[in-house]
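J.: Sequence:
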Amino acid sequence: MKLTVEHNIIADLNVQAVQLRRGVGAFELALLIDITCSPPPPPSPRRWARIDSIGLYLQPATGADHLATLRSASTARIEQYDNPLTQQLEYRATLQHRQLLALEDARDGRDLSLRLSILGVGGVVDDGVGRVAISVEHTLTVQRSAWIDQLKGSSAAGVLLMEASIPVASSPGDEGIARRLLSAEAAFHNGNYAKCIGDCRLAYDRLGLTSTPKTKLPDKQFDMSFSERVDLLVASARHCTHLPHHDDGADSSEHTYSREEARLVFQVTAAVASYWLNAR
Numbered sequence: 001m002k003l004t005v006e007h008n009i010i011a012d013l014n015v016q017a018v019q020l021r022r023g024v025g026a027f028e029l030a031l032l033i034d035i036t037c038s039p040p041p042p043p044s045p046r047r048w049a050r051i052d053s054i055g056l057y058l059q060p061a062t063g064a065d066h067l068a069t070l071r072s073a074s075t076a077r078i079e080q081y082d083n084p085l086t087q088q089l090e091y092r093a094t095l096q097h098r099q100l101l102a103l104e105d106a107r108d109g110r111d112l113s114l115r116l117s118i119l120g121v122g123g124v125v126d127d128g129v130g131r132v133a134i135s136v137e138h139t140l141t142v143q144r145s146a147w148i149d150q151l152k153g154s155s156a157a158g159v160l161l162m163e164a165s166i167p168v169a170s171s172p173g174d175e176g177i178a179r180r181l182l183s184a185e186a187a188f189h190n191g192n193y194a195k196c197i198g199d200c201r202l203a204y205d206r207l208g209l210t211s212t213p214k215t216k217l218p219d220k221q222f223d224m225s226f227s228e229r230v231d232l233l234v235a236s237a238r239h240c241t242h243l244p245h246h247d248d249g250a251d252s253s254e255h256t257y258s259r260e261e262a263r264l265v266f267q268v269t270a271a272v273a274s275y276w277l278n279a280r
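One point on numbering: in our numbering, the residue at position 267 of the sequence shown is 267, and numbering is uninterrupted.
Please keep in mind that the hints were generated in silico from the structure rather than gathered at the bench.
Where is the CB? At the ideal position from N, CA and C, for every residue including glycine.
Hints should not be assumed to be uniformly reliable.
[To be verified] Distance ranges between label pairs, derived from CB positions:
hint, residue 1, residue 2, range
1, R259, D127, 46 to 54 Å
2, Q16, Y275, 38 to 46 Å
3, A76, Q19, 30 to 38 Å
Build the full structure now, drawing on both the sequences and the hints.
T.: Following this line, the structure appears as structure tokens:
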């Protein structure tokens with residue numbers, strides 16, 4: 001993308017990296033931007049610019065699409081000289097869990113697409129009076145695999161799905177449960193929602209849970225104890241995984257599973273696994 005001041009191109013901007021970092025109770029999104037200033041063609045004067053903020057907008061937009069505003073930790077002046085000059089600037093913004101969740105919902109298992117709105121000021125070097133507003137619009141695309149690596153590296157993947165985290169295997173027999181849930185999580189982030197639900201079924205199998213309650217339930221639901229109600233919830237949740245498990249994510253499935261359906265089943269399955277393993 002080109003940075004212009006008064007219709008004169010003074011620099012090329014290239015996003016070299018998009019990084020997601022975990023903080024305390026939130027995440028930090030950072031853009032690393034290489035800025036290469038080109039010399040002015042004679043007899044044009046040298047010009048300068050300063051990027052004050054970068055607005056980040058969700059693509060595709062659904063209602064309120066503004067995600068965050070990124071700013072640099074230090075004020076950097078971009079200035080033309082007689083020779084090309086390259087510098088790298090970092091712009092950062094804090095993302096709360098709900099913002100990151102909204103970003104992932106907009107991505108919906110595809111490449112990450114964001115609209116950048118760059119705002120700042122610029123002018124002519126050694127002109128202490130003249131100053132004009134500058135703006136650049138750009139669509140940034142991050143490949144799905146690269147973005148998922150960022151989610152995993154920042155430990156954000158599980159947070160995006162639920163507050164109940166995937167249980168850590170406490171014995172060799174539990175490793176298969178965690179593997180199935182991790183496989184379901186990967187399928188969710190890749191947009192393969194049928195496979196996500198099907199892998200949840202395999203987690204239930206590893207837990208030894210069936211679609212039939214473990215105990216005979218009373219005829220009247222108001223007479224059910226808490227443990228009996230949990231049994232019924234688990235049996236119903238496992239029953240939801242029946243069709244996608246047998247479809248095995250095939251395109252011939254009669255039902256196209258949505259992101260919300262996969263999220264519901266995965267959240268319940270992970271919570272059930274944590275509850276069951278801790279209650280033993």
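J.: Which of the listed hints are broken here?
T.: 3
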